[in-house]
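K.L.:
The lines below spell out each chain.
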Amino acid sequence: DAKTTQPNSMESNEEEPVHLPCNHSTISGTDYIHWYRQLPSQGPEYVIHGLTSNVNNRMASLAIAEDRKSSTLILHRATLRDAAVYYCILTKNSNSGYALNFGKGTSLLVTP
Amino acid sequence: GAVVSQHPSWVICKSGTSVKIECRSLDFQATTMFWYRQFPKQSLMLMATSNEGSKATYEQGVEKDKFLINHASLTLSTLTVTSAHPEDSSFYICSGSGVDGGYTFGSGTRLTVV
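Residue numbers (this note's numbering), protein chains in the order written: chain A, 9 to 120; chain B, 1402 to 1515.
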């Protein structure tokens, strides 16, 4: 499986934008880029995913490099509730039967 | 959206006893259920994958006779930790996946074995 590399931790001020980077230099052409986050003592929750084009949803934006070897999760205005561990995960084009393999993720600290 | 209800959210049991954790998919049919455990300050580690009506596939190093997984219906999967020991204390999380792909996680179960 292609691996991802993320910084161990990042810090942001409340109401500021946050850019969480992820490197995936060995990504294959059919791998989707998924982002999940895990709040303390909870199960992970889906944030966003994409293949080649940038994606936006109500939670965040995903910017994917043209060569797909890196991506950035963008939280437009961080709130205290966004403090979590963010995981960047690659999946095959067909999710059925494939488990998500979690790396160490990035622990985001949001300060007031 | 899709919801997986996981119970109990926490449990304390005595060493040597068994504990059952349930995960129910409330508004979708989970053809596949994944079970993870997470030790403090660590990431999620996949324990096993189960498809409805089939035996679970366990990851290397996970004892299938100790961690019994049942996935008898498309909406219910259970994990039973048998003869629990303190080293089994962990955060257990299930994740359901339906025919349209996607993953929905339960809220997790904090198991403490004393």
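I should point out that these hints are in silico values taken from the structure, not numbers from a laboratory.
From a predicted model like this one, the values you see are computed outputs, not experimental measurements.
All residues carry an ideal CB built from backbone N, CA and C; glycine is no exception.
Any given hint might turn out to be false.
Examples of chain B residues toward chain A, derived with CB under 8 Å [as the list claims (entries may be wrong)]:
| hint | residue |
| --- | --- |
| 1 | Phe1440 |
| 2 | Ser1444 |
| 3 | Leu1447 |
| 4 | Thr1450 |
| 5 | Leu1469 |
| 6 | Tyr1504 |
| 7 | Gly1507 |
| 8 | Gly1509 |
| 9 | Thr1513 |
K.L.:
Against this structure, judge whether each hint is valid.
P.N.:
Status of the hints after comparison with the structure:
For the restraint placing Phe1440/B at the interface with chain A, the shortest Cβ-Cβ distance is roughly 13 Å, beyond the 8 Å limit, so the hint is violated. The beta carbon of Ser1444/B comes within 5 Å of a beta carbon in chain A, closer than 8 Å, and the hint placing it at the interface holds. Annotation: Leu1447/B was flagged as interfacial toward chain A, and the flag holds, the nearest CB pair being 5 Å apart, inside 8 Å. Taking 8 Å as the C-beta cut-off, the interface hint given for Thr1450/B holds, the closest approach to chain A being about 6 Å.
At its closest, the beta carbon of Leu1469/B sits 19 Å from a beta carbon of chain A; the interface hint therefore is violated under the 8 Å criterion. Hint on Tyr1504/B holds. Least Cβ distance to chain A is approximately 6 Å, under the 8 Å limit. Hint status for Gly1507/B: holds, given a least beta-carbon distance of 5 Å to chain A, under 8 Å. A distance limit of 8 Å between C-beta atoms decides the matter here; for Gly1509/B the minimum to chain A is near 5 Å, and the interface restraint holds.
Of the supplied interface hints, the one on Thr1513/B is violated, with its beta-carbon coming no nearer than about 13 Å to a beta-carbon of chain A, more than 8 Å.
The structure fails to meet hints 1, 5, 9 from the earlier list, while all remaining hints are met.
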